[in-house]
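Peer 1: This is what each chain is made of:
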Amino acid sequence: MKDLNSNAAISISNLCKTYKDFEVLKDLSFSVNAGEIFGLLGPNGAGKTTAINLAIGLYKKDLGEISILGLDPSIHKKKVRKLIGLVPQDTNLYEDLSASENLWHHAALYCDDLTKARAGIEELLKLMELWGRHKEPVRNYSGGMKRRLALARALLHDPSIIFFDEPTLGVDVQGKHVLWNHVKNLGKLGKTVVVTTNDMAEADILTDRIGILDRGALVALDTPENLKASLRKDIVTLNTDSTVEDPENFFSGLNVSSITKYEGNCLRLEVTDGQKAGPELINRLSTKYQISSFQIARPTLDDVFLHLTGKGLREGGIS
Amino acid sequence: MKRLFLLIVCEFRMSRTSIPIHLLAILQPTLLFLLMAIILVHPTFDMNVIDSNIPESSRFISAMDSVRSPIGEPYIKPILVDEKTATTLRQVITIEKDQKKAIAHQRFALIDANLVKNYRNRLTATLLHLWNEDLGSKSVTIREHPTVGRDLPYTAYFGLGLLPMAVMLATILIGSTFVAQEFEDKTVLELKMAFAPIFLILCARLVRLLVFGCIAGFVLVAAIGLSTNVWPLSFLNIGAIFLIVGIIGGSLGTIIGLMAKRLLPCFISSLVVTITCWVFGSSFGPAESFGGNYELISKFVPNTYAVKMLFPNYFGLNLGSAVSSAVILALFCALFLWLSHFVYKQQIMKER
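Chains as they are written, first to last, in my numbering: chain A, -19 to 299; chain B, 29 to 380.
These are calculated hints, taken from the structure and not from any lab test. None of the values given here were measured: they were computed from a predicted structure. Every residue, glycine too, gets a C-beta built ideally from N, C-alpha and C. Take these hints with a grain of salt, some might be off.
Computed cross-link-like contacts, SDA-like style, restricted to lysine to any residue with a CA-CA straight-line distance of at most 25 Å [as the list claims (entries may be wrong)]:
1) B:K145 x B:V247
2) A:K96 x B:L228
3) B:K220 x B:V235
4) B:K214 x A:G123
5) B:K128 x B:G164
6) B:K378 x A:S80
7) A:K241 x A:S222
8) B:K378 x A:F230
9) A:K40 x B:K378
10) B:K30 x A:S80
11) B:K289 x A:L89
12) A:K241 x A:S266
13) B:K30 x A:E102
14) A:K59 x B:M377
15) B:K373 x B:K128
16) A:K96 x B:K378
17) B:K30 x A:Y(-1)
18) A:K59 x B:L345
19) B:K214 x B:K128
20) A:K106 x B:R41
21) B:K378 x B:L367
22) A:K59 x B:I226
23) A:K59 x B:K378
24) B:K105 x B:S90
25) B:K327 x B:N265
26) B:K220 x A:D92
27) A:K6 x A:G290
28) B:K220 x A:Y(-1)
29) B:K30 x A:D93
30) A:K268 x A:F230
DEER-style ranges, computed between Cβ atoms [what the hints assert, rightly or not]:
31) A:T(-2) x B:R290: 56 to 66 Å
32) A:G44 x B:F33: 55 to 65 Å
33) B:L264 x A:F2: 56 to 66 Å
34) B:P225 x A:I185: 20 to 30 Å
35) B:K214 x A:G15: 26 to 36 Å
36) A:T(-2) x B:G319: 29 to 39 Å
37) A:N178 x B:A250: 50 to 60 Å
One chain only, chain B, in its complex shape (with noise of 0.2 Å):
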């Protein structure tokens, strides 16, 4: 026990050898979130309005107001404009009055497709809600009731995406670049003679990149919980999922940098390695909604089973069962910790 406690002292003050990869292992993660967080679409659209003063402009300016997401939240800000004012703008509603009937006339300048359709939804809506008022009784409502008493937005799904992805950027970045580095610079030599047991060489690396793990992970919680008001139901449960995580990436480092040996190859397979299993790990949306190859990958991906474990720990909801998940996220730990002992007697061990 003296010599594991000495030995984690020992990787902790190594990590003063690449202060610049820990943090960019730590805080990237937080900046793609930060980012990502302002081009995020936010559920309430800004529609410029101009008020034409007849009966109808009101009332649908009025339905527009009223017009709701499933718990409440308001999809449609109408914002008033003059006529002089609207011709600066990228997107104008004007309600004109042609013999019977009134047309709502949505002026578009340097609109993607993408975003007239997050328009064209809501407007649908303002529609129905006037197609009520009018028929009454005669009309079919369709009334939405949501199991969760608040929005999943989309920002806080794709920060919780992230999260695997965060504990596992820190721990394979860190844990190769620094075995890639022992090879650099021949200090792997010390390693090759000693006789501590390589469990114990292991472990003690292996508790240096959790903690910088769940440094990344928590991080990451705090910006998704400040910028979205969205914070995790349980933080032990979360801290309990960054550390299976990290076991899985921390010996997934240690392999990388075990066979590839030199830092830069290091760092670009850390990389690639990362990114795959964030984009493959349902981190843009439950793999079942993408179906097909992706749905196929997904279930080779540890991010996967973490992202459905982390979601009921947010949300209140299941994706899947959690306990099938947790019990794959733990033989893949089992199956990446026994693989990084094995490269480690085969890579340093082993006599040439």
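Chain A with its partners taken away, still in its complex shape (with noise of 0.2 Å):
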């Protein structure tokens, strides 16, 4: 699953991690295009945090290479720094600092023209929506409003690449679809992003290409409709008036692959042809159930990422 590219904006090649006898990271190689939006996806613990803290630099790497812009953060670490904006998973915002006081401590810290970090925590204020509110306190905001302002903190030093862990983890919808929007912007302006998020329906809106890391792995490497493409299969769920009886036999001969009981007599079935497989499960089920509802849809990146990486619990990771 090699994808490497040397005028990448992210390329890792073979990159090994290993944290207290875990293999957190196996053999991993991608490469992030520049002005890409691209998705690192995986259940619990399957390594991309780490993947994104070695890229970064704040991980040391067992093996293998990291290329940030043609730099090895673990060499040149000031000067990847500089090329790269992150937004952690916990905004790591100080509470009782206003918006613009936290953007003059991440410039005090990070900009190279503090001449020039004025106009831009004003500009990224009304830019994120936040200026109004920029004298509050961070604690009176909202969990949006937060995800928005460490936005505009990691672009306030003018990064090349920005990495986006869980955008809108614990926001809500209309907060959704504003950073959506802040983040395809990014995409235009040029500038590479990296995204991390459980939330596959966020994946397939925002990002350009996709990796799924499973086990410390690479599993899947292309464009959310590649990927869904790939499966060659269609979902059905459908409805009865009472529970259908051993399913798997009742279904034989209709190309159905796979089963999965829900709550009620609700089932999804896994077929590989839906338009030809629909009328003949409606005339299979029609001679002994009522079929209250009955639904052919295309997979989604949740059914991809489900076949991928299986239906198990998955904990873990690098604490």
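Can you join these two chains into the complex? Each is in its own frame, and there are hints to help.
Peer 2: Next comes the structure, spelled out in structure tokens:
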């Protein structure tokens, strides 16, 4: 699953990381093109955050190579840090300071030209629709406002690459859409964005390409459309008046590859061709049950994700 | 310079994150001093006396009035009481004639041995006074010649010993708890990724801690002055000593915060370090006068040298060489500054 590109903004090759005898990343290789919005998906403990922390130079790699715009973060720490902006999962803002005070603190630590910072702070706060409340302590802000402020902070020193960890975690629907627009605009401005998320709808809407990590290894790397098409399956969701007895046997001979029982009398079937299988399924069901709903849909990223990573619960990662 | 100034401004803004800890750290030593000043013994003792209307009684009372400290402050203030009132008092003296000699009976109620000791040496001095009067030229008289023209009250010394502790408490406690809070709130990531020089970040933090340390110190200076009327001879020198102690305390606080990373352990460690330095730092009297292990341990405690430097600035007298104390304090300063920089690099900047 290698995808190396010498002109890439981010290039990771054969990356390995072990932590306390636990192999967090195994031979990870992928690259992110300049100006691309790249999604890094995976279950909890898959190694997404470790991969990011290695890319930004917070963790030390065991093996492999990382290149950020041609620079190795373990050698050119300072130069690399100037090139990247980070929006972490915990927004890590100073809650008792106002939005502008938080940005001024960031400017003191990160900006080369402090005279430019004043204009930058005002511009970013206006862009993120926070200017009206920029003097208020951050602790009064909603989750979405905090996320937008964290994004403004990450952009203040004008980085070329932005790492965005769980961009809309705990943000309401309206807030999500505002944030998605901002992230999409970054791509339009030529910034490279790496987003890690567990929200497949978000990944589908936001990203140009997706890499799916599972147990420290890359199991898929493609555009969202190609990943969905690669499943070569349609999803049928149906409800009947009573529980379908022994569904595997009942649907045999109809090219049903997977059956999942949901609460009540709901079934989710994976079929190779929905158009063809739909009438056949209805005919078969009508012989014994009354159908209350029947839906055929193209697979979503959720389906791709579950297909590749399984349905078991995952925990762990480097804490 | 512009970046340093901005970092300092940001540091002061961040003080808002823990106002109760700032207040506690700044005011606690002054509160301790004010409470202890009430308990600590005043040089003049009130002594209740029943005048038995015999010549020995009036002579004794007049001798009590004449007993003085080396610089002439009265040691005893005789308070005349009648026999009926005396039964309700904790201490009373009655002079009674017994054949040819007079006996002073001192009766106590609810008085500890330490306080009795203080009465006893004052009464001995009273008797010596009468002895000298009676024997005249046949007696040996002790004359005291103080080189300092004023009394060095223990309350003031106690306060002086608290001054380095006040500066240390403010700098250590505020410094350590803020670093721990940065770890707990995960704002430390901002510092991990920063490319501003570490020494500028630490310098800005130290400036903030020094300001709060000096505020804590000068609040206590004012409390000592107002309650004992003992003021520093040079406020500038006192300020300079506060700065040196503050740098040591601020660096120590930063180190504790970086190592402990959590608020409660930081808070407790800071108190333990500050109180240990206070107890072993000549705070209850010069370390030399306690001797033994105390004196040995006190040599490794910055407060000892700070007290040695503060003493001449309060009382005009040196406790050992002020220059060597200044050099040792400067060495402590350099050591802890280097240590805080080293630990910062290890705990914040190092890749995991």
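Peer 1: Hints first: check each against the structure and report whether it holds.
Peer 2: The hints, checked one at a time:
Annotation: proposed proximity of K145 (chain B) to V247 (chain B) is violated, straight-line Cα distance about 35 Å (limit 25 Å). Distance hint between K96 (chain A) and L228 (chain B) is fulfilled; the C-alpha atoms sit about 20 Å from each other, no more than 25 Å. Between K220 (chain B) and V235 (chain B), the direct Cα distance comes to roughly 21 Å. Compliance with the 25 Å bound is thereby established for this hinted pair. Restraint check for K214 (chain B) and G123 (chain A): satisfied, since their Cα atoms lie roughly 16 Å apart, inside the 25 Å limit.
Of the supplied pair hints, the one linking K128 (chain B) and G164 (chain B) holds, its CA atoms being roughly 21 Å apart against a limit of 25 Å. For the suggested pair K378 (chain B) and S80 (chain A), the alpha carbons sit about 29 Å apart, so the restraint of at most 25 Å is broken. At most 25 Å may separate the alpha-carbon atoms for a hinted pair to count; K241 (chain A) and S222 (chain A) meet this at roughly 13 Å. This hinted pair does not check out: K378 (chain B) and F230 (chain A) have alpha carbons roughly 61 Å apart, beyond 25 Å.
Annotation: proposed proximity of K40 (chain A) to K378 (chain B) holds, straight-line Cα distance about 9 Å (limit 25 Å). Distance check on the hinted pair: K30 (chain B) and S80 (chain A) sit about 18 Å apart at the alpha-carbon level, within 25 Å; holds. Proximity of K289 (chain B) to L89 (chain A) is assessed by CA-CA distance (about 21 Å); at most 25 Å being required, the pair is judged to hold. Note on K241 (chain A) and S266 (chain A): the hinted pairing holds, with a Cα-Cα distance of about 19 Å set against a maximum of 25 Å.
Restraint check for K30 (chain B) and E102 (chain A): satisfied, since their Cα atoms lie roughly 19 Å apart, inside the 25 Å limit. Restraint check for K59 (chain A) and M377 (chain B): the C-alpha separation of about 15 Å stays at or below 25 Å, so the hint holds. Annotation: proposed proximity of K373 (chain B) to K128 (chain B) is violated, straight-line Cα distance about 85 Å (limit 25 Å). Between K96 (chain A) and K378 (chain B) the CA atoms are separated by roughly 30 Å; this puts the pair beyond 25 Å, and the hint is violated.
With a CA separation close to 41 Å, the supplied pair K30 (chain B) and Y(-1) (chain A) exceeds the 25 Å bound. For the suggested pair K59 (chain A) and L345 (chain B), the alpha carbons sit about 57 Å apart, so the restraint of at most 25 Å is broken. With a C-alpha separation of about 86 Å, the suggested pairing of K214 (chain B) with K128 (chain B) is violated against the 25 Å cut-off. Our distance criterion of 25 Å between C-alpha atoms is met by K106 (chain A) and R41 (chain B), whose separation comes to about 23 Å.
Using a Cα cut-off of 25 Å, the hinted pair K378 (chain B) and L367 (chain B) holds, with the two alpha carbons roughly 15 Å apart. For the hint pairing K59 (chain A) with I226 (chain B), the CA-to-CA distance comes to about 16 Å; that is within 25 Å, so the pair holds. Note on K59 (chain A) and K378 (chain B): the hinted pairing holds, with a Cα-Cα distance of about 16 Å set against a maximum of 25 Å. As the CA atoms of K105 (chain B) and S90 (chain B) are separated by approximately 10 Å, the hinted pair is consistent with the 25 Å bound.
Taking the CA atoms of K327 (chain B) and N265 (chain B), the gap is about 22 Å. The hint holds against a cut of 25 Å. At roughly 17 Å between alpha-carbon atoms, K220 (chain B) and D92 (chain A) fall within 25 Å of each other, so this suggested pair holds. A hinted pair counts as satisfied when its Cα atoms are at most 25 Å apart, and K6 (chain A) with G290 (chain A) qualifies at roughly 19 Å. Only pairs whose Cα atoms come within 25 Å are accepted, and K220 (chain B) paired with Y(-1) (chain A) is accepted, the gap being roughly 20 Å.
The suggested pairing of K30 (chain B) with D93 (chain A) holds, with an alpha-carbon distance near 10 Å, which does not exceed 25 Å. For the proposed pair K268 (chain A) and F230 (chain A), the alpha carbon gap of about 10 Å is at most 25 Å, so the pair holds. The hinted window of 56 to 66 Å between T(-2) (chain A) and R290 (chain B) is violated, with their beta carbons roughly 27 Å apart. With their beta carbons about 42 Å apart, G44 (chain A) and F33 (chain B) fall outside the hinted range of 55 to 65 Å.
Here the CB-CB span from L264 (chain B) to F2 (chain A) is close to 59 Å, well matched to the stated 56 to 66 Å. At about 41 Å, the CB distance of P225 (chain B) to I185 (chain A) disagrees with the hint of 20 to 30 Å. Against the hinted window of 26 to 36 Å, the Cβ-Cβ separation of K214 (chain B) and G15 (chain A) comes to about 30 Å, which satisfies the hint. Take T(-2) (chain A) and G319 (chain B): their Cβ atoms lie about 57 Å apart, and the range 29 to 39 Å is violated.
Under the hint 50 to 60 Å, the C-beta atoms of N178 (chain A) and A250 (chain B), about 58 Å apart, fit the expected range.
In this structure, the earlier hints numbered 1, 6, 8, 15, 16, 17, 18, 19, 31, 32, 34 and 36 are contradicted, and the remaining ones agree with it.
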